[in-house]
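Enquirer: Chains as they are written, first to last, in my numbering: chain D, 985 to 1304; chain Z, 985 to 1304; chain R, 0 to 324; chain A, 0 to 324.
Read the hints as simulated data drawn from the structure, not as lab findings. Because the structure is a prediction, the values reported are computed rather than measured. Each residue gets a CB set at the ideal place from its N, CA and C atoms; glycine is no exception. Please note that the accuracy of each hint is not assured.
[Claimed, not checked] What follows is a list of derived Cβ distance ranges for each label pair:
{"no.": "1", "chain 1": "D", "residue 1": "E1291", "chain 2": "A", "residue 2": "T179", "range": "31 to 37 Å"}
{"no.": "2", "chain 1": "A", "residue 1": "G42", "chain 2": "Z", "residue 2": "T988", "range": "53 to 59 Å"}
{"no.": "3", "chain 1": "Z", "residue 1": "A1288", "chain 2": "A", "residue 2": "G42", "range": "58 to 64 Å"}
{"no.": "4", "chain 1": "A", "residue 1": "T179", "chain 2": "R", "residue 2": "E278", "range": "37 to 43 Å"}
{"no.": "5", "chain 1": "D", "residue 1": "G1059", "chain 2": "R", "residue 2": "G73", "range": "15 to 21 Å"}
{"no.": "6", "chain 1": "R", "residue 1": "W120", "chain 2": "Z", "residue 2": "R1091", "range": "48 to 54 Å"}
{"no.": "7", "chain 1": "A", "residue 1": "G323", "chain 2": "D", "residue 2": "Q1276", "range": "39 to 45 Å"}
{"no.": "8", "chain 1": "R", "residue 1": "R46", "chain 2": "Z", "residue 2": "R1017", "range": "39 to 45 Å"}
[Claimed, not checked] With a cut-off of at most 16 Å between alpha-carbon atoms, the simulated EDC-like pairs for lysine to aspartate or glutamate come out as follows:
{"no.": "9", "chain 1": "Z", "residue 1": "K1118", "chain 2": "Z", "residue 2": "E1042"}
{"no.": "10", "chain 1": "R", "residue 1": "K251", "chain 2": "R", "residue 2": "E220"}
{"no.": "11", "chain 1": "A", "residue 1": "K251", "chain 2": "A", "residue 2": "E220"}
{"no.": "12", "chain 1": "A", "residue 1": "K251", "chain 2": "A", "residue 2": "D284"}
{"no.": "13", "chain 1": "R", "residue 1": "K251", "chain 2": "R", "residue 2": "D284"}
{"no.": "14", "chain 1": "R", "residue 1": "K38", "chain 2": "Z", "residue 2": "D1231"}
{"no.": "15", "chain 1": "R", "residue 1": "K251", "chain 2": "R", "residue 2": "E199"}
{"no.": "16", "chain 1": "D", "residue 1": "K1118", "chain 2": "D", "residue 2": "D1231"}
{"no.": "17", "chain 1": "A", "residue 1": "K38", "chain 2": "A", "residue 2": "E11"}
{"no.": "18", "chain 1": "A", "residue 1": "K38", "chain 2": "D", "residue 2": "E1042"}
{"no.": "19", "chain 1": "R", "residue 1": "K38", "chain 2": "Z", "residue 2": "D1234"}
{"no.": "20", "chain 1": "Z", "residue 1": "K1118", "chain 2": "A", "residue 2": "D50"}
{"no.": "21", "chain 1": "A", "residue 1": "K251", "chain 2": "A", "residue 2": "E306"}
{"no.": "22", "chain 1": "R", "residue 1": "K38", "chain 2": "R", "residue 2": "E11"}
{"no.": "23", "chain 1": "D", "residue 1": "K1118", "chain 2": "R", "residue 2": "D294"}
{"no.": "24", "chain 1": "A", "residue 1": "K38", "chain 2": "D", "residue 2": "D1231"}
{"no.": "25", "chain 1": "R", "residue 1": "K251", "chain 2": "R", "residue 2": "D228"}
{"no.": "26", "chain 1": "A", "residue 1": "K251", "chain 2": "A", "residue 2": "D228"}
What follows is each chain in one-letter form.
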Amino acid sequence: MSLTDEHRRQLYYYMRLSRAVEDAAWALNNQGRMVGRLYTGHGQEAIPVGAAYALEPEDVIAPMYRDMGAHLVRGVDPVEVFAQFMGKRDSSNMGKDSGLHIGDMSRGIVGMISVLPDSLPVALGVALAFKIRKEPRVALTTFGDGSTSTGAFHEAVNMAAVLQVPLVLVCENNGWALSTPNAREYAAANLVDKAVGYGIPGRHVDGNDVEAVHAAVSEAAALARAGGGPTLIECRTMRMRGHSNIDPADYVPPEMLAEWAERDPIHRYRARIEAAGLWDAEREAGLEAELQERIDQAIHQAEAMPEPEPEDVHVGVFAE
Amino acid sequence: MSLTDEHRRQLYYYMRLSRAVEDAAWALNNQGRMVGRLYTGHGQEAIPVGAAYALEPEDVIAPMYRDMGAHLVRGVDPVEVFAQFMGKRDSSNMGKDSGLHIGDMSRGIVGMISVLPDSLPVALGVALAFKIRKEPRVALTTFGDGSTSTGAFHEAVNMAAVLQVPLVLVCENNGWALSTPNAREYAAANLVDKAVGYGIPGRHVDGNDVEAVHAAVSEAAALARAGGGPTLIECRTMRMRGHSNIDPADYVPPEMLAEWAERDPIHRYRARIEAAGLWDAEREAGLEAELQERIDQAIHQAEAMPEPEPEDVHVGVFAE
Amino acid sequence: MRHLTYYQAVREALWQALEADPRVFLLGEDIATYGGVYKVTEGLLERFGPDRVIDTPISENAIIGAATGAAIAGMRPIAEIQFADFIASGFDPLVNMTSTIHYRWGQPVPMVLRAPAGATWASAGPFHSQSMEAWFAQIPGLKVVMPATPADAKGLLTAAIRDPNPVIVLEQKYLYRRMTGPVPEGEHVVPIGEAQVAREGRDATIVAWGTMAFKSLQAAEILAAEGIDVEVVDLRSIVPWDRETVLASVAKTGRVAVVYEAHRTAGFGAEVAATIAEEAFQALDAPILRLAGLDTPIPAHPVLEAEYLPDEHKVVEAVRGLVGF
Amino acid sequence: MRHLTYYQAVREALWQALEADPRVFLLGEDIATYGGVYKVTEGLLERFGPDRVIDTPISENAIIGAATGAAIAGMRPIAEIQFADFIASGFDPLVNMTSTIHYRWGQPVPMVLRAPAGATWASAGPFHSQSMEAWFAQIPGLKVVMPATPADAKGLLTAAIRDPNPVIVLEQKYLYRRMTGPVPEGEHVVPIGEAQVAREGRDATIVAWGTMAFKSLQAAEILAAEGIDVEVVDLRSIVPWDRETVLASVAKTGRVAVVYEAHRTAGFGAEVAATIAEEAFQALDAPILRLAGLDTPIPAHPVLEAEYLPDEHKVVEAVRGLVGF
Ligand SMILES: Cc1ncc(C[n+]2csc(CCOP(=O)(O)OP(=O)(O)O)c2C)c(N)n1
Ligand SMILES: Cc1ncc(C[n+]2csc(CCOP(=O)(O)OP(=O)(O)O)c2C)c(N)n1
Ligand SMILES: [Mg+2]
Ligand SMILES: [Mg+2]
């Protein structure tokens, strides 16, 4: 799919919305108005937005905890996000789980769990279902660099390659797995080198360039849809905040942050669409106001929703 | 280490002894004189023999179930092998486990378990101990092609690469994982391509050439000993019998077996050392007789050993 | 009624499910070309093709994860783990992901995990003999069944396939080729969660499951010849388990032995015994007895394996003591 | 005696072991530079260097396997799993390889696996709150301890490090920063397998471990004010567990509640209850009561989490019922 002007404005919109939601959540969390911690995708927004935007509505995405943008693109409303973060009774997890573990197969979203990267083999299974049913659909999953050290990653990617299922594998390489830098996660020159061992195409993409991510994912999705099997896409980016909101991340060299701040995906993209004449200060001001209002309202609405009742704990262990 | 004439005769000897022991065990097993099934390395003898022969006595090997030759090279006597196979009270496993799960750290042998490839992370740990203690020792582990599909393989190899421990990784690629051919185990052109993703050297070796295996392992061991970290060596071979002695393996194309029969590592090596003037019909006849006698005696001796007593079941769950 | 061997009954359930429901498919190691290490899935590839009978690499984690994903994408996957012992290699997705999906976001996960479990009395050794139902019973969200007859093997598997939840079927490899019995030809569903009073009796209750139900029935015959009349409750399902039937039997007999093959300590029999201690305290005329596997790995040598395993003779002896209390 | 917080007591045990024994080293995720997610290992990298305090990739299987290998190669590794819940990702090597080595070929495996376990009463949710001692108790060959005080945190960890067997230390993350107490400064070893009568009493026995021992002592104070005098047995070790101390207490009081945080069904409390039912049947004046976590995943929202978890008030209520039986 090639991007129209409207598409490009939407890409920008979703990145902005993602950051606005996360910034608001950051404040909420620090005020003790959330259940559990907050893990943000600040600085990585181009990846979930670009990736999710490249999918068709009938495709399925299995996102990671930093992928606010992917949820928004799939149609999750900020009200739902805040309700989820607050553990409200009518939120996706009904207060039983927390964080961005929103699941909703009607919108093609697989809910993640904390154990890394357990959505990956699940996404493989979703893709396998598509293959068996001969549906022209793809599954896409995102995961961090650190997650590629796990056995779950390996087994799922290898099996996906062998079974040639329609799966797009998007690694958000933000340089760190909590306090552990890339150099202590893998010894290869580039993470994407792993693709060679799996016998699948590997792509190395600037993860702070939303259109580059979108293009790479579009291509991989097209290949998968055509029966060409999985692709591994390494999106290089940087985790611009601590691992979670309680991590000061003083193990990250300040120069590294400074260098990456220059490449902020939102600022860069704004410059690009402005240069292309698709955006200007007026539109920006309008967006700013719109986001502000949308977020405020969403928080309000979410906060008004009922909390779970003690009896709810017993409900739903098994499906009827 | 470059091979002397005597070394070369020994390589031949160990391959012959390995096959003789396994052939005898095959017969014993069919006669119901063993505990559990038999998995042989028939046709793959060059790999465990060549690999084990490349190690120093203070090195450690974590072999797989087809590696009779590795045990023999490390000094395990055929009596011990038969006693183990018969589950005798004074065998390595005391009747508690069966098969070639012989363990003895005093001879640098890690005892394997059935779950694949669980010796691999253990060998990583042995190598890590060497590294921490700054000892010039290496650990070597062997595993099948099928085992490389597991998460255990991935995590251990990746961690070994990151920590740069002195570990030699020898894959015995015999074309099959039980009934599953390579093409349904991995999608890469060559299994050794996996080395790229781990950022470690990879070597592709004719697994039916004992000197080639020996040379590749010697080189990898030297690199590891010098602090150069792990190497992945793919030894290409063929499983010439069923998965175990009860598997008729009718899923294996007969042409494939015929083709590989031509490359039998023992026959080939005999031709080679004969051509080099190190071996002749007379020596062969002598060896034949010696092996026959040694095996017969070993079986006799083993069979005379006591069986476990019922009370033994309680002994040894914990070390004192 | 026509008789089938246990493994044939399993195959028939698979066959009929594949026939009846296009969402059903199988995946696992060596299940297609090879027909499975116990030949349970033999012939299914030929009949249903490689899209519905799928050989996988050796990847227990991915097999379980993929079955989970296919289930939430509208399929009814039946995953085989070649030996139940190897579920340990795919433990995490099962206990953390699969089991919690419905609770956490309301999405049913209609999948089945089949695996040959238990000892063989034939030296299968520490890694091909385990019974790990207690692990799964500790995990909310997983159903667990352990059929002890060919009819139940078919009926419980069929129920498992139709259940909207993940169900683990621990097939008893000891019984695969040793037990033959009547099995209904057509649709046959044994509801998950219902125990079976496999034998009625007055003097004592034996609660058992899987191979131990089979052995307990043998013991009951021996005991009957001695004039001891035991009731044998075959639990059939471990999660959920049928407390009512067990408690009713205990109320009737006042004496109970819980017989299981897994390691004694923290085995599922502890749950059964603890529940009886809690709920039927006043009905008891004797301490609740547990007869179980030892707290050792399961040894290979026949002499040691026999010592490890409960069998009909040990059951007889235990029940004699119980009745004489 | 000098007081330490629970996590400080853990760190002191590690520090002293690293000082005393060159074979001791630590490995785990984010334990070196970061000092661990609970800062338990903070400062150890600086003092002992990167060869003895090793950050690993996210590889629970390899961490456990590597610790096992290093142990049989003469080291005394202490592996950390960042949260006990993630042991599930390294379950196979632990239950199949590590636990059976000594039984199968006589090789001791002197390693320690430390992990923060249990709920936090602070919304850690389904994957950062679990108590899985029952899984490990089902596996012969693994020792398991769950310290409930700073002194035991130091003493049991020290014993674990010196033990020739694999020992799992389930540190109670709820107590890390909530509990302070006297801890001996020098060498301090609490023998594995010995329970502690944490409070003497006549009217009933509470058997508990980990955080639940802490909560049960709080409950005992409340009950004391009502004139109910309970004895609290803190099990401390799960494998092996101290049956004698428990049975002696039950013999004395005739009433017992087993309190544990894990899911009720097939939790380790079932083993304790079943053992009491078997061994102390005639001493009992009331049914054995179990108070445990629910058979649901451990929910995140405080309202639900509170409903899931046993606490001092639920213990009080349960014991009132028990004493009134
Ligand atoms: C199996 C497992 N081990 C450890 C953790 C704890 N943990 C949570 S996030 C994290 C770092 C993940 O790094 P990465 O995959 O690169 O994702 P990022 O946070 O950088 O986006 C760790 C170690 C976990 N969640 N799961
Ligand atoms: C984790 C695990 N899954 C399944 C098995 C059953 N199994 C035993 S051997 C084998 C095939 C192994 O193939 P490979 O690694 O290539 O070794 P080979 O037998 O060909 O030498 C399988 C699937 C096992 N032992 N462990
Ligand atoms: Mg990262
Ligand atoms: Mg092979």
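Enquirer: Hint numbers the structure violates, sorted upward?
Expert: Going through the list in order, the structure violates hints 6, 7, 10, 11, 16, 18, 21 and 23 and respects the others.
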